[in-house]
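Top line first, the protein sequences correspond to chains A and B. Sequential numbering of the first sequence, starting at 64, is according to the numbering used here. Sequential numbering of the second sequence, starting at 714, is according to the numbering used here.
Since the hints were made in silico from the structure, they are not lab data. Just so you know, these numbers come straight off a predicted model, no measurement behind them. Every residue gets a Cβ at the ideal spot worked out from N, C-alpha and C, and that includes glycine. Each hint should be verified, as a subset may be incorrect.
[Claimed, not checked] With beta-carbon atoms standing in for the labels, derived distance ranges:
1. A:Gly200 with B:Glu1083: 24 to 30 Å
2. A:Lys202 with B:Glu925: 24 to 30 Å
3. B:Lys819 with A:Lys202: 37 to 43 Å
4. B:Arg820 with A:Val155: 46 to 52 Å
5. A:Thr250 with B:Thr898: 19 to 25 Å
6. B:Thr898 with A:Ser253: 17 to 23 Å
7. A:Thr267 with B:Arg855: 53 to 59 Å
8. B:Gln870 with A:Leu303: 25 to 31 Å
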Amino acid sequence: MTTQLEDLFVQTRSENRAALIAYIPAGFPSQEGCKKIIAALAKAGVDAVEIGFPYSDPVMDGPTIQEASGISLANGTGAAEVFSALKSAHDVGLPALVMTYWNPIEAYGVDNFAQEMARNGGSGVITPDLTIEESEGWKSATDGAGINTVYVVALSTNDDRLARVTARCSGFVYAASLMGVTGARTTMSSGAEDLVSRIRTCSTLPVAVGLGVSTRAQAKEVAGYADGVIVGSAFIKVILEAKTETDAIAAVDVLARELVKGVREAR
Amino acid sequence: MSSSETLGHFGPFGGRFVPEALIGALDELEAAHNSALKDPVFQKELAHLHTTYTGRPSILTEVPRFAQHAGGARILLKREDLNHTGSHKINNVLGQALLTKRMGKKRIIAETGAGQHGVASATAAALFGLECVVYMGEEDTRRQSLNVARMKLLGAQVVPVTAGSRTLKDAINEAMRDWVTNVETTHYLLGTVAGPHPFPTMVRDFHKIIGEEARAQTLELVGRLPDAVLACIGGGSNAIGIFHAFIPDKNVRLIGFEAGGDGVETGRHAATISGGTIGVLHGTRSYVLQDSNGQTVESHSISAGLDYPGVGPEHAYLNDIGRAEYRPITDAQAMEAFALLCKTEGIIPAIETAHALAGAMIVGKELGPESVLLINLSGRGDKDVQTAADYFEIPL
Ligand SMILES: Cc1ncc(COP(=O)(O)O)c(C=O)c1O
Chain A
64 MTTQLEDLFV
74 QTRSENRAAL
84 IAYIPAGFPS
94 QEGCKKIIAA
104 LAKAGVDAVE
114 IGFPYSDPVM
124 DGPTIQEASG
134 ISLANGTGAA
144 EVFSALKSAH
154 DVGLPALVMT
164 YWNPIEAYGV
174 DNFAQEMARN
184 GGSGVITPDL
194 TIEESEGWKS
204 ATDGAGINTV
214 YVVALSTNDD
224 RLARVTARCS
234 GFVYAASLMG
244 VTGARTTMSS
254 GAEDLVSRIR
264 TCSTLPVAVG
274 LGVSTRAQAK
284 EVAGYADGVI
294 VGSAFIKVIL
304 EAKTETDAIA
314 AVDVLARELV
324 KGVREAR
Chain B
714 MSSSETLGHF
724 GPFGGRFVPE
734 ALIGALDELE
744 AAHNSALKDP
754 VFQKELAHLH
764 TTYTGRPSIL
774 TEVPRFAQHA
784 GGARILLKRE
794 DLNHTGSHKI
804 NNVLGQALLT
814 KRMGKKRIIA
824 ETGAGQHGVA
834 SATAAALFGL
844 ECVVYMGEED
854 TRRQSLNVAR
864 MKLLGAQVVP
874 VTAGSRTLKD
884 AINEAMRDWV
894 TNVETTHYLL
904 GTVAGPHPFP
914 TMVRDFHKII
924 GEEARAQTLE
934 LVGRLPDAVL
944 ACIGGGSNAI
954 GIFHAFIPDK
964 NVRLIGFEAG
974 GDGVETGRHA
984 ATISGGTIGV
994 LHGTRSYVLQ
1004 DSNGQTVESH
1014 SISAGLDYPG
1024 VGPEHAYLND
1034 IGRAEYRPIT
1044 DAQAMEAFAL
1054 LCKTEGIIPA
1064 IETAHALAGA
1074 MIVGKELGPE
1084 SVLLINLSGR
1094 GDKDVQTAAD
1104 YFEIPL
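The task is simple: from the sequences and hints, build the whole structure.
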């Protein structure tokens, strides 16, 4: 059986376009607000959503996602809230993933986490700090639950390792566009396109590019060569800047529609 | 198969939990360390620095007046406090600084809690002409302000970290973010036996000289091995350094003393093995202070250098196989031992180290006057004068 995420990439490939994937931490800006934003993303034409599991020590995140994670944790977000946000995405028809540092999965129980993902309609999990060397237990848990495992590869990943990491991926391969933490950048790094073409030589999976994409022009640029465009900090920034939750939803809608256009005008 | 697939584990502990962006740098570091271990030129250079710069071997001091408060056991202090820069930290720093040169990198970053590792890193950077940035929790820049000034005098940039608990854990987070961004030019000079492989193994290798010297010195002084070897535990580098040579000596007890803060039962402590559970923090699997969602719980200790919610994976392993024991010491117990060593022996220890001294006062009474205890006196207390003056209400 295929996941909703896998079906999505079959569809977008047939439409000759990239998918737009949005990231938002569960419980941000509030438990209900997060779900409303997910619904707004779906309505604006975003193709899939990554639900972030907020973590106390987000070493791969820049100030924007750090702040959002802090707010989410202060809102009492734990595994139950993450799965609830995931289910809400599934309910509005969006293919949904969870993106999380490894320790919350280990604390929940590796098998239980994978099962609970599937039970709430999740397509897969992105694990940016789980190395393939440590992934044996996760592989059997996710195989059992029938969900995708997305690993992140970097500009510095050599070809030999790229082949081994992508072999562990399913759903898509997450290509980090730059060396650094999450956060909006004014220009896209030139290395991303090269990384995507290196991935293509060892994997037939869809490749989605994340880190630093924030504008329609950047989305268009990336959508020219990648199968997916991932946007996180840019959404969080407009939510943080909004005065009310209603304003935040409106701002997310505006940004999402711009990015959707960018993705669709690329090819 | 690269060695990272086979190495770096201590039983179920250790390993690598890091973004892919760092794998290349960790492999490069592991390769540099492995080749340096076999390179007589490197070893000679490091040995030369030990004798002409650090002041090794550090001496062994017997402390009979202090020992009267520890059941009359014979107590020997391994004087790492007399090293250049005032603690054991310099052993690891000089080793890694030489590796930095070997890898052709020009910039080092470091985290620091008590400031001792930061000072040692700034010192090595000055010695080798490297750029140095030290991340330090804002709370720690306050309680260890003397060391902040030392680092600045040595030419390092000190970045106060305002996230989270503003202590060592948050300084490591910020250093990791810097490293992910600047990994091509920068070496992360991690200051303890934690973090992703190869750090726990490599940092231990640079500190094991402490135990090798102390074992020979103890044999020479008392004609036999000690009954117990004692050390304080932050991340665990000074402890693994003095323990390691004794691991094959099955009759020698190895006892680590964690920061019990207000008491483990209060929840306000940094006793990771005594009061934590197994998890992943800062790239390694070990004991961690965490809640049911895997969120790190803030640690508490009067000692900045022990105020860390994680611990090196080799200690987790030594604990689980029963080769070493780990016990908590409260702030109050540590400060009592601190004052006692000052008044009975004329040695002002670091507050970190005072946890091991407090441990000796307990273990000495358990083992009795026939016993010999070897303690790693990991650092001197100059940096703690302000904290101690506040604690004992000495007007400044
Ligand atoms: C004097 C001294 N002892 C001990 C420690 C704790 O570190 P570790 O457990 O790695 O030896 C520190 C850390 O700052 C220190 O300065």
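Here's how the hints hold up against the structure:
With their beta carbons about 49 Å apart, Gly200 of chain A and Glu1083 of chain B fall outside the hinted range of 24 to 30 Å. Taken as a hint, the range 24 to 30 Å is violated for the pair Lys202 of chain A and Glu925 of chain B, whose Cβ atoms sit roughly 42 Å apart. Separated by about 40 Å at the C-beta atoms, Lys819 of chain B and Lys202 of chain A satisfy the suggested range of 37 to 43 Å. The hinted window of 46 to 52 Å between Arg820 of chain B and Val155 of chain A holds, with their beta carbons roughly 47 Å apart.
For Thr250 of chain A paired with Thr898 of chain B, a C-beta distance near 20 Å keeps the hint of 19 to 25 Å intact. The supplied range of 17 to 23 Å is met by Thr898 of chain B and Ser253 of chain A, whose beta-carbon atoms lie about 18 Å from each other. Hint check: Thr267 of chain A to Arg855 of chain B, Cβ distance near 55 Å, so the stated range 53 to 59 Å holds. Judged by the Cβ atoms, the range 25 to 31 Å given for Gln870 of chain B and Leu303 of chain A holds: they are separated by roughly 29 Å.
Checked against the numbered hints above, the structure violates hints 1, 2; every other hint is satisfied.
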